[in-house]
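Colleague: Listed below, chain by chain, are the residues.
Number of protein chains: 2
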Amino acid sequence: MEEQTIVRVAVDAMGGDNAPAEIIKGTVLAVCEDNRVHAVLVGKEEVIREQLKQYTYDRERITVVHAEEVITNEEAPVMAVRRKKDSSIVKAMTLVKNNEADAFVSAGSTGAVLVGAQLIVGRLPGVERPPLAPLLPTSKGVSLLIDCGANVDARASHLVQFAKMGSVYMENVIGIKNPRVAIVNIGAEEEKGNALVKETFPLLKNCNEINFIGSIEAREIPSGYADVIVCEAFVGNVILKLYEGLAATLIGEIKKGMLSSLRSKLGGLLVKPALKETLKDLDSSKYGGAPMLGLKGLVVKTHGNSKSDEVKNSILQCIAFKEQNISEKIKSSIMVNEND
Amino acid sequence: MEEQTIVRVAVDAMGGDNAPAEIIKGTVLAVCEDNRVHAVLVGKEEVIREQLKQYTYDRERITVVHAEEVITNEEAPVMAVRRKKDSSIVKAMTLVKNNEADAFVSAGSTGAVLVGAQLIVGRLPGVERPPLAPLLPTSKGVSLLIDCGANVDARASHLVQFAKMGSVYMENVIGIKNPRVAIVNIGAEEEKGNALVKETFPLLKNCNEINFIGSIEAREIPSGYADVIVCEAFVGNVILKLYEGLAATLIGEIKKGMLSSLRSKLGGLLVKPALKETLKDLDSSKYGGAPMLGLKGLVVKTHGNSKSDEVKNSILQCIAFKEQNISEKIKSSIMVNEND
Numbered sequence: 000m001e002e003q004t005i006v007r008v009a010v011d012a013m014g015g016d017n018a019p020a021e022i023i024k025g026t027v028l029a030v031c032e033d034n035r036v037h038a039v040l041v042g043k044e045e046v047i048r049e050q051l052k053q054y055t056y057d058r059e060r061i062t063v064v065h066a067e068e069v070i071t072n073e074e075a076p077v078m079a080v081r082r083k084k085d086s087s088i089v090k091a092m093t094l095v096k097n098n099e100a101d102a103f104v105s106a107g108s109t110g111a112v113l114v115g116a117q118l119i120v121g122r123l124p125g126v127e128r129p130p131l132a133p134l135l136p137t138s139k140g141v142s143l144l145i146d147c148g149a150n151v152d153a154r155a156s157h158l159v160q161f162a163k164m165g166s167v168y169m170e171n172v173i174g175i176k177n178p179r180v181a182i183v184n185i186g187a188e189e190e191k192g193n194a195l196v197k198e199t200f201p202l203l204k205n206c207n208e209i210n211f212i213g214s215i216e217a218r219e220i221p222s223g224y225a226d227v228i229v230c231e232a233f234v235g236n237v238i239l240k241l242y243e244g245l246a247a248t249l250i251g252e253i254k255k256g257m258l259s260s261l262r263s264k265l266g267g268l269l270v271k272p273a274l275k276e277t278l279k280d281l282d283s284s285k286y287g288g289a290p291m292l293g294l295k296g297l298v299v300k301t302h303g304n305s306k307s308d309e310v311k312n313s314i315l316q317c318i319a320f321k322e323q324n325i326s327e328k329i330k331s332s333i334m335v336n337e338n339d
Numbered sequence: 000m001e002e003q004t005i006v007r008v009a010v011d012a013m014g015g016d017n018a019p020a021e022i023i024k025g026t027v028l029a030v031c032e033d034n035r036v037h038a039v040l041v042g043k044e045e046v047i048r049e050q051l052k053q054y055t056y057d058r059e060r061i062t063v064v065h066a067e068e069v070i071t072n073e074e075a076p077v078m079a080v081r082r083k084k085d086s087s088i089v090k091a092m093t094l095v096k097n098n099e100a101d102a103f104v105s106a107g108s109t110g111a112v113l114v115g116a117q118l119i120v121g122r123l124p125g126v127e128r129p130p131l132a133p134l135l136p137t138s139k140g141v142s143l144l145i146d147c148g149a150n151v152d153a154r155a156s157h158l159v160q161f162a163k164m165g166s167v168y169m170e171n172v173i174g175i176k177n178p179r180v181a182i183v184n185i186g187a188e189e190e191k192g193n194a195l196v197k198e199t200f201p202l203l204k205n206c207n208e209i210n211f212i213g214s215i216e217a218r219e220i221p222s223g224y225a226d227v228i229v230c231e232a233f234v235g236n237v238i239l240k241l242y243e244g245l246a247a248t249l250i251g252e253i254k255k256g257m258l259s260s261l262r263s264k265l266g267g268l269l270v271k272p273a274l275k276e277t278l279k280d281l282d283s284s285k286y287g288g289a290p291m292l293g294l295k296g297l298v299v300k301t302h303g304n305s306k307s308d309e310v311k312n313s314i315l316q317c318i319a320f321k322e323q324n325i326s327e328k329i330k331s332s333i334m335v336n337e338n339d
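The listed protein sequences derive, respectively, from chains V and Y.
Residue numbers for the first sequence follow numbering that gives the first Met the number 0, so the first one is 0 and each next one is one higher.
Residue numbers for the second sequence follow numbering that gives the first Met the number 0, so the first one is 0 and each next one is one higher.
The hints are simulated quantities; they were obtained by calculation from the structure and are not laboratory data.
Warning: the hint list may mix true and false statements.
[Said to hold, decoys possible] Here are the simulated DSBU-like cross-link-like pairs (lysine-lysine), alpha carbons at most 35 Å apart as the crow flies:
| hint | chain 1 | residue 1 | chain 2 | residue 2 |
| --- | --- | --- | --- | --- |
| 1 | Y | K279 | V | K264 |
| 2 | V | K271 | Y | K275 |
| 3 | Y | K254 | V | K176 |
| 4 | V | K264 | Y | K306 |
| 5 | Y | K43 | Y | K240 |
| 6 | V | K191 | Y | K240 |
| 7 | Y | K306 | Y | K139 |
| 8 | V | K84 | Y | K191 |
| 9 | V | K275 | Y | K43 |
| 10 | V | K254 | V | K84 |
| 11 | V | K240 | V | K306 |
| 12 | V | K254 | Y | K240 |
| 13 | Y | K197 | V | K254 |
| 14 | V | K275 | Y | K139 |
| 15 | V | K330 | Y | K197 |
| 16 | V | K328 | Y | K191 |
| 17 | V | K306 | Y | K271 |
| 18 | V | K285 | V | K264 |
| 19 | Y | K197 | V | K197 |
| 20 | V | K197 | Y | K295 |
| 21 | Y | K197 | V | K275 |
| 22 | Y | K279 | V | K254 |
| 23 | V | K255 | V | K306 |
| 24 | V | K271 | Y | K43 |
| 25 | Y | K264 | V | K285 |
| 26 | V | K285 | Y | K255 |
| 27 | V | K255 | V | K43 |
| 28 | V | K240 | V | K275 |
| 29 | V | K264 | Y | K295 |
| 30 | Y | K328 | Y | K279 |
Quick caveat, the model's predicted, so the values are computed rather than measured.
So that you can see chain V by itself, here it is in the shape it has in the complex (with noise of 0.2 Å):
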């Protein structure tokens, strides 16, 4: 028999609109849901252990790290990541960084998890850019977009190792065969773009290691045109928030147009247990969060507001990625690109 394998994933206790209570719960649930999962709840110790009384699970499998302080949105990332030692996001990727966990997932802010994860964690050799790549639900399944972080003003060698650290992890974490690769741009052909994506484009189209099918307009994401979605930062950052943002009117504006009338207030209550369904289809989260690409360890963002449901899949998450070992496929796919 095959031995299993351990997944050790230090998980923020402290990160996120709903934490400590949410964050605990979601992982009580990963380890009840998988047995492959250890877990190491990092922050307030005190705080944590009253938590977990509640819960029936494998003592073994989850163990507590205290951490004194919380690093909040509020803080200047780097900063707060310098002076805060004793928070739970350091802590927490210090046992990445010394071998002692395989993978951080943090509900906490964004800001502190990019620099924490170049700090501590530190980056897979040859990688230049380590990039924050969350799943945007399409009709089709869901697409990877590939750079959402830290990295504005991003140079074209970056947005090249983006697709192939997306192509790996699509393929291996995911499950998609050979996934397309398509970089943003503002229309269909080689000769448009601006200067980076005109920079980019040739080299991607000369990659062979990856599945480019060229440019993809934006409004082609949302129908899954494209497995992984290759940008700069600021432009991926756009992307997403505003996917987040018009789901959210728009789903806001149909409701409000169902209670408008006591005709479309039945036809509400009717069509409700379908929309669900369909409204579940588009909803991400049950992939987990975005992970950082690159570094000597998984780190993954998961929402500001998330809920035990989407922590627990951030960390089942981390399973396939330790079990596909995906850092060696990245610095392997990156060490490609070093010797063309």
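Given chain V, put chain Y in place with the hints provided.
Modeller: Coordinates of chain Y only, in the frame set by chain V:
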């Protein structure tokens, strides 16, 4: 009694997916709806006259100018504008240039319209780059997204001009007093952003003629958080296209959801009229097309798939532009900039 303004609008009869039928119908509707409108239909005279026969309208107020050629979406814009001197776009723009028309409306090739506007109509003195500024529907009404044109890799000084021109337009054409101006950014704080935004932010902050409210994250755009949304064209194009694509996908998925069971089908029938009303509120075509600002005359680009109603509204939007003397107002707002 005040003398009535006459607004002379040259219309590209041959541009767009539904040309010439819907373009000509929209022109007739505009002339019938407002007697300040005098239209010049530019295109194949025989075809236009044949179409016009079916309508009843004041024959004095629609003239026809023959143009033998048509510029298609597939042609390289600069080449097409230079070579096809007898095309509807080039001929209509020449009317504006020679002050034989006040404005030009086209549903044709965006590239050719952008190029022709600069090469033929020409920029107002002091204007560095003329932006294309579509209106986005929001839950509060409509916002101006400026720029979505050809000015990728714009400079900070361009963005400041966009902010001023957009403010003049929203205040005087759409009627929003003291319009709120925000710059698209990846966080609310002044220190956030890419190099361009960091350079532009303080310039906008120090600009007395506009009501600058700071950064806008893409997620806040659909809620109507700002009236004038400033960005460079690459980002603007991504926002515009994603807006259209995501709305279409979501509405499609919701419709599919409603058809998924007998119960939801019945409910769907009941909510349909209310939803139609809601979606109409989110339809920016009632405001007309996207104005291109900073030119010696107004150029309006309507959607390629415009039907008669959007064409009509695009023509009617030229009235306020002329009556409010927008070109003069833009000129003086830009001049203030020059003397700062």
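Colleague: If a hint holds in the structure, say so; if it does not, say that too.
Modeller: So, going through the hints one by one against the coordinates:
no. : hint              : result
1   : Y:K279 <-> V:K264 : holds (19 Å)
2   : V:K271 <-> Y:K275 : holds (17 Å)
3   : Y:K254 <-> V:K176 : holds (30 Å)
4   : V:K264 <-> Y:K306 : holds (32 Å)
5   : Y:K43 <-> Y:K240  : holds (32 Å)
6   : V:K191 <-> Y:K240 : holds (15 Å)
7   : Y:K306 <-> Y:K139 : holds (25 Å)
8   : V:K84 <-> Y:K191  : holds (24 Å)
9   : V:K275 <-> Y:K43  : violated (52 Å)
10  : V:K254 <-> V:K84  : violated (46 Å)
11  : V:K240 <-> V:K306 : holds (19 Å)
12  : V:K254 <-> Y:K240 : holds (24 Å)
13  : Y:K197 <-> V:K254 : violated (38 Å)
14  : V:K275 <-> Y:K139 : holds (26 Å)
15  : V:K330 <-> Y:K197 : holds (34 Å)
16  : V:K328 <-> Y:K191 : holds (33 Å)
17  : V:K306 <-> Y:K271 : holds (33 Å)
18  : V:K285 <-> V:K264 : holds (30 Å)
19  : Y:K197 <-> V:K197 : holds (24 Å)
20  : V:K197 <-> Y:K295 : holds (32 Å)
21  : Y:K197 <-> V:K275 : violated (41 Å)
22  : Y:K279 <-> V:K254 : holds (15 Å)
23  : V:K255 <-> V:K306 : holds (25 Å)
24  : V:K271 <-> Y:K43  : violated (52 Å)
25  : Y:K264 <-> V:K285 : holds (27 Å)
26  : V:K285 <-> Y:K255 : holds (21 Å)
27  : V:K255 <-> V:K43  : violated (42 Å)
28  : V:K240 <-> V:K275 : holds (22 Å)
29  : V:K264 <-> Y:K295 : violated (51 Å)
30  : Y:K328 <-> Y:K279 : holds (32 Å)
Of the numbered hints given earlier, the model fails hints 9, 10, 13, 21, 24, 27, 29; all others are met.
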